[in-house]
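Residue-level listing of the chains:
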Amino acid sequence: MLPLISFSQKKKEEADTVKVKRDYRPTQIRVGTDVLAIIKSFSQDGFKSWEINGDVNSDRYFFAVDVGYSAIDRNSETDHYENKGSYFRVGGDFNFLKKDPKKNPDNNVLFMGVRYAHSKFSEEMTIGVIDPVWGNFQQPYNNTGAKANWLEFTGGLKVKVWKAFWLGYTTRYKFGLSASENPTTVPHEIPGFGSNEKKSIWGFNYQMFFMIPIKKQE
Amino acid sequence: MFRKVAWFIVFAVLAVSCLNDPDCYNLNNNVVGISFRKIFDGKADTVAMIAVRADGTDSVFYDYKLLSGILFPLNYLDNKTKIYFQQPDGTRSLALSYLSKAQFVSEDCGERFVLSDLKIDASDFDSTRLLSSTLTKDPSTNIFLYRCPVNNLVKFSFRQLFLEADTLGKPLDVTVTGITADYAGQLYAADTFNTVKVPLNPAAVTTAFTFNFTAGSTFATGPKSISFNYTKSKRTLFEICGEQDFYSKLSIASTDFPIVKLVRDTIQDPPLTNVIFQRCPETNLLKIVFKVSTATNANAAKVSIKKITAGHTPQIFYENSEVSTVTLPLDLTQDATSFVFEFASGVKNLTVSYTRTPKVYHQVCGASIEVKALTFTQNNFTNITTKNAEVKFPTVTNFEIVNN
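The listed protein sequences derive, respectively, from chains A and B. Going letter by letter, the first sequence gives residues 1 to 218 in the working numbering. Going letter by letter, the second sequence gives residues 219 to 622 in the working numbering.
The hints are simulated quantities; they were obtained by calculation from the structure and are not laboratory data. Some hints here could point you the wrong way.
Below are the BS3-like pairs computed for lysine-lysine, each with C-alpha atoms no more than 25 Å apart in a straight line [what the hints assert, rightly or not]:
#1 Lys479(B) with Lys505(B)
#2 Lys198(A) with Lys355(B)
#3 Lys505(B) with Lys524(B)
#4 Lys98(A) with Lys147(A)
#5 Lys590(B) with Lys577(B)
#6 Lys199(A) with Lys442(B)
For each label pair, taking beta carbons as the anchor points, the in silico distance ranges come out as [to be verified]:
#7 Asp356(B) with Gly128(A): 25 to 33 Å
#8 Gly274(B) with Ser86(A): 50 to 58 Å
#9 Asp326(B) with Ser86(A): 23 to 31 Å
#10 Lys198(A) with Lys337(B): 25 to 33 Å
#11 Glu325(B) with Val65(A): 51 to 59 Å
#12 Asn412(B) with Ile130(A): 15 to 23 Å
Note that this is a predicted model, so its numbers are computed, not measured. Just so you know, even glycine gets a beta-carbon here, dropped at the ideal spot from N, CA and C.
With the hints as constraints, model all of the structure from the sequences given.
Right under this line is the structure:
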């Protein structure tokens, strides 16, 4: 009796297991922007920034590209500082949510990934110092054609909200910063990275996306 | 859909709340740590510094101090700073260069300067060593400044002898308005010390020093001099120091210090005591303590004294003062001394009788007088008791006057 039951169970398991052939051909392109950058551009004096985010899928992998720009104009009591520059990031993400018509019908994305980032920027500042020991001092400084490279670990979520409209956020651990200096200045702000005070830093993007299908999903 | 949007708003708020303001304190890393060292053993050296100055500023750093190292704020508005160390034996300089880069920090903090690549460009110290070219916000030692042995510093010690048989005595602080040498004028400004090191004339084999003691100094008042003879011989101990003079056979040619002992006739670095000046014990000091009685005991209490006079001297003691203890000199030529205490509340008389016995406490001090059997023979203090009937040095309480 026991061998018969065992045989019938094995047959049932084979019938339940359907091998799905994985298709790595891209099916969609998502294009979006960082909402926080836009809000800060309108809400903060002397700050202008935008960032375009895009990704294209390949099964549960995503090729991701970000392009951005920022311009900063700040004044302290004795100093004036300007920074303008652009940056890009390239890398890939992996989606931890499986394609599942029942549990994940929208193909939402819970991802982790890596990025290589590069920034090119210029700084201009006029520094004024009032020092009781070394006297008063005022001098303009320029740092044009400055470059910086860094790496990022990324993680986040992209969720379909309505039809082609998606919302998402990305947290970034930025590290391995290498920024060019000239003989007279140290960069203050690196577009896309943030403050040059620390060689590793956390970042956050809050994004809106539009998804463009390029191939009908099977 | 609304639940999804709500979650995203929560994350956005969290992200914005993570932003914080920078700390504006101590932004520049422009402090260089300099340590003074001896070539002889590489250990820290304590040097007398009259002033530390630098090019480009009138500021004086480390105004007259004994120190073994300094933290010096470099001129971050330039890529070089020349530091001048003004010491009793001359002024030495240290020229440093570095890279000073400006960096904007924030609207609140303004700018900072980041200094790096510290180098020693020139120095007239005997030897230098750059330990670290990195300047940090938390200052550490970047540079060692070495000196060759200084072979001409003669060390004096001032000591107080007591009634005990100890022939060396204990360190005695003395106050001078200055010390001069016959070859260099003023060597030291006004100071208080119990040991002092002064340089012998390197260009001669005799040197005279004059100590100008302040009025009322424990040791003496006015100038006291001492002159030395010595021999010099040349030797090369360290290649970097070249041929140096070494001093020996130090002897005292003349002095008007009352008690002088030459205990070492060679000069060492670090200096060891060569000459001891001693002060003899005083055997005539009577100590009286004023107390006020409480329900259970009597505590020391300050009294207002207009003046105290003694029958054997025109000197006035404790004029217009408020004290709880008085120390008064007994007349060693008589068996009794009379004192008149003038208080705000009235006049009191006290006559103290005692025995006098000739005694030699220390050979160098000669014969002295031992005072014993102290008693108060005439007084109009109502409550006076004898606590110790023998004069000691250092003084002990002999009489206690209690006012209730």
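Could you check the hint for me, namely that Asp356(B) and Gly128(A) are 25 to 33 Å apart, CB to CB?
holds (27 Å)
Range agreement (Cβ of Val65(A) with Cβ of Glu325(B), hint 51 to 59 Å):
The hint (51 to 59 Å, Cβ to Cβ) is violated, given that Glu325(B) and Val65(A) are roughly 33 Å apart.
If you check the beta carbons of Asn412(B) and Ile130(A), does the distance land in 15 to 23 Å?
At 46 Å between Cβs, range violated.
Please work out if Lys98(A) and Lys147(A) have their alpha carbons no farther apart than 25 Å.
Answer violated: Lys98(A) to Lys147(A) is near 39 Å, above 25 Å.
Assess, step by step, whether the Cα of Lys479(B) is no farther than 25 Å from the Cα of Lys505(B), and give holds or violated.
Given pair Lys479(B), Lys505(B) is violated - Cα atoms ~31 Å apart, limit 25 Å.
Starting from Lys505(B), check that the Cα of Lys524(B) is at most 25 Å away, please.
holds (18 Å)
If I claimed the Cβ atoms of Gly274(B) and Ser86(A) lie 50 to 58 Å apart, would that claim hold in this structure?
Once the Cβ atoms are compared, 41 Å apart, the range 50 to 58 Å for Ser86(A) and Gly274(B) is violated.
CB of Lys198(A) to CB of Lys337(B), is that within 25 to 33 Å?
Holds: the Cβ-Cβ distance is about 28 Å, inside 25 to 33 Å.
Are the Cα atoms of Lys590(B) and Lys577(B) separated by 25 Å or less?
Holds - the C-alpha atoms of Lys577(B) and Lys590(B) are around 12 Å apart, at most 25 Å.
Hinted pair Lys198(A) and Lys355(B), Cα distance within 25 Å
Within the cut-off at roughly 15 Å; holds.
Starting from the range 23 to 31 Å, see whether the pair Asp326(B) and Ser86(A) falls in it by beta-carbon distance.
holds (27 Å)
Straight-line Cα separation of Lys199(A) and Lys442(B) no greater than 25 Å?
Cα-Cα ~67 Å, so violated.
The structure shown violates the earlier hints numbered 1, 4, 6, 8, 11 and 12.
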